[in-house]
Every structure is written in structure tokens, then in C-alpha cells.
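Engineer: As they're listed, the protein sequences go chains A and B.
Residue numbering for the first sequence follows the working numbering, starting at 1 and increasing by one per position.
Residue numbering for the second sequence follows the working numbering, starting at 1 and increasing by one per position.
Worth double-checking, as some hints may not be accurate.
[Stated by the list, open to error] SDA-like cross-link-like pairs, simulated, lysine to any residue; straight-line CA separation at most 20 Å: (1) A:K28 - B:T23; (2) A:K169 - B:K169; (3) B:K28 - B:H43; (4) B:K169 - A:G39; (5) B:K169 - A:Y42; (6) A:K169 - A:T182; (7) A:K49 - A:V91; (8) B:K169 - A:K28; (9) A:K169 - B:Q124; (10) A:K6 - A:V31.
In short, the hints are calculated from the structure, not lab data.
The chain contents come next:
Number of protein chains: 2
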Amino acid sequence: MPTPTKDRILDVTAELFRRYGYTGTGLKQIVAEANAPFGSLYHHFPGGKQELGAEVIRRSGQMYFELIATIVLAAPDVLTGIADAFTGAAVVLRETDYADACPIATVALEVASTSEPLREATAQVFESWIRGLTEAFVGAGVERDAARRLAISIIEILEGAFLLCRAAKSTEAMEVAGETATAAVRAALAGTARD
Amino acid sequence: MPTPTKDRILDVTAELFRRYGYTGTGLKQIVAEANAPFGSLYHHFPGGKQELGAEVIRRSGQMYFELIATIVLAAPDVLTGIADAFTGAAVVLRETDYADACPIATVALEVASTSEPLREATAQVFESWIRGLTEAFVGAGVERDAARRLAISIIEILEGAFLLCRAAKSTEAMEVAGETATAAVRAALAGTARD
């Protein structure tokens, strides 16, 4: 069962990963910001930074998925839901001075060629997002194979937009991404209607 | 004027950034792999890692742009050129065990909230890519404003695909990205034909 200390360590690490990445986040920084004794880190994560990292990746991925699902499910239809998700991403970028974007993208690129356990954790998160979005599009009537390709595209566009927006400190790329994503969803739904 | 030692340092650093990122690349590792004396690094880059980093970002960005431009210009038309670029990206990912992807994406995410000079260097690279692609689409008859939005979309899709492919060690996401990107180019060219 998660303890308050364990939860604080996970929350703080997730925030540090999002802003500074995996390599740029130190264990001393984590315990300092979590206001936790150093020993508690190894008590909760005997495998050290790698074990903590894998759990943070899975947890952040799950929380982000739930956030997006909440936005999409609150909308009257999936097309509006996707549009709302991109609009919301632009608002969060502006409000956090372009710090809060994808919770796992920085880490995923850092670990892709350096840590198989962490790479696998990021792969599982992306696959869970793809499957979740695929179900949403299948639910809206898109054929399963096309729905999976559409889900992959939407995530690619969002991730690419986070990268360009953070680099440029501008939301132009997210606005363009929202247009491209909704056009792709609209085309897939129209394909369904024609069948 | 670049010296052989300076060039070796830049080449080695670019390769290390691509695989391990900015934070994960140490100066000792750079001089060891470049077979250069430590002092030569500070001789050529008095500003240390940050100055070296900014030059590597600009240089890698320029070289990658030239690679993509060569592929696109070798094709009979811009639509085929974009398709070829995505196919080529998938081949390189497979052949390098998913290590060689975008030369600056990892660094761009790492530095976005930690170093303004390096963030600006990555922003300039992305903007140069956007402008280059915009000109290619304008040359194919797309109206300038639509051409810029299309260029941003294509780069977003490519970057998102690099992220998903490296995480999953699979080219599925790049194949989907190629389809999405060519569909977007085809739609923009068709819009032109209707005008």
C-alpha cells in the first residue's frame, strides 16, 4: 500500500522528470523536495533510481491517460473531445511557462538507448494510450485497424507539438496540431459514414 | 575555421547527444571518444559544455535539414519526397537499433526548462526546418499560410513517430506517420488544384 512518504517521493519525482528528465534529476534533489529522509527512498525503492523511475513512468502515464480520458469523455462526441484535449494542452503549456507537457517524453528519449527496463516501461505507457484511444474511436464507429492507426497518429501529433512548443515557447505548433488531429478524426469518421 | 580536432569533437558530441541526450553526455566521454586532449575542448569552446552544446545543436540541425532536403529534392515531386523521407527514417531506425532518430529532440526536451541559450538554439533549428519545408510546399503551389501549417504538421508527425518508435523498438508508428503525412500533403495539394 502506498504510504504518504512514498506518494510524496513519486509525486516529486514525476514533476522533476517532466521538467528536467531522468538524467537531470538527482536522488538528493528528490528527497529534499519530498521532505523525506534519504533512507526512505531505498526503503520504498530497493532498486534505487531505476526502480523509482519505472514506477514513476507507469504512474505518470496512467494519470495522464486518465486526464485525457476525462476530457474526451466530458465532450459530447469524440471529435470535440480530441479538439478539447489539444486546446487544453495549449492552455497548460502557456500557464506553466512551457514546462508541463507530456510526463514521459523526455525520459522516454533519454532511456531509449540506455536502459531496457525503463524503455520497456515507456513503451508500455505509450501502448496503453494507443489502446485507450483506439477503443474510443472504435466506439465512435471507426473500424479497429483504422482506429489504431488514427490513435497512433493523434499521439504522434500531440507529442511532436509538445516538443515544438516547448522549444519555441509558443503555442502555434499546438494550434496547428489541434487542426491536423481533428481533420484526421473527421476524415476517419466520414470514412465510417460512407461504409 | 574548423580544425580536425574541433570537427571530431563536434561529430562525437552530436552522436552522443543523439543517443544519450545533453545531461547524459559527459565532457570526459567526449574527449575520450574524440581522441582529443581535454584542454582542446576548452580551447575550441571557452564557454564549455553549453557553448559546445549550442554549436552541436545548430550543426546537427543544419546537417539533418540538408539530408531531408536531399531526399525530398531527389524525388520527382514533393509528395513522393515526403513519403521517401518517412520510409528512410524507418530504415535508419531499424538499422541503428532505434538509436539514430532526430538529432536534437532529446536535447530540446532536456534543455527547454533548464537553459535559455540551448532552448533558443533548438527553437532556431526547428524554425529553420519549418521555413525550409514551407518553401518546398509553396514551390508546389500551396498558399504560404497553409504551407507553414503543413510544414509544422509534418515535423510534428515525424518527431512523434521517432519518440514512439524508439520507445517501442518498432517501426509501426513511422509507417503510420508516413501515411498520415502523405495524406496531409495530398490534401493540401488537392486544395491548391481546386483553387
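Engineer: For every hint, state whether the structure bears it out.
Structural biologist: Against the structure, the hints:
no. : hint            : result
1   : A:K28 - B:T23   : 17 Å, holds
2   : A:K169 - B:K169 : 30 Å, violated
3   : B:K28 - B:H43   : 15 Å, holds
4   : B:K169 - A:G39  : 36 Å, violated
5   : B:K169 - A:Y42  : 31 Å, violated
6   : A:K169 - A:T182 : 23 Å, violated
7   : A:K49 - A:V91   : 32 Å, violated
8   : B:K169 - A:K28  : 32 Å, violated
9   : A:K169 - B:Q124 : 12 Å, holds
10  : A:K6 - A:V31    : 11 Å, holds
In summary, the numbered hints that this structure violates are 2, 4, 5, 6, 7 and 8.
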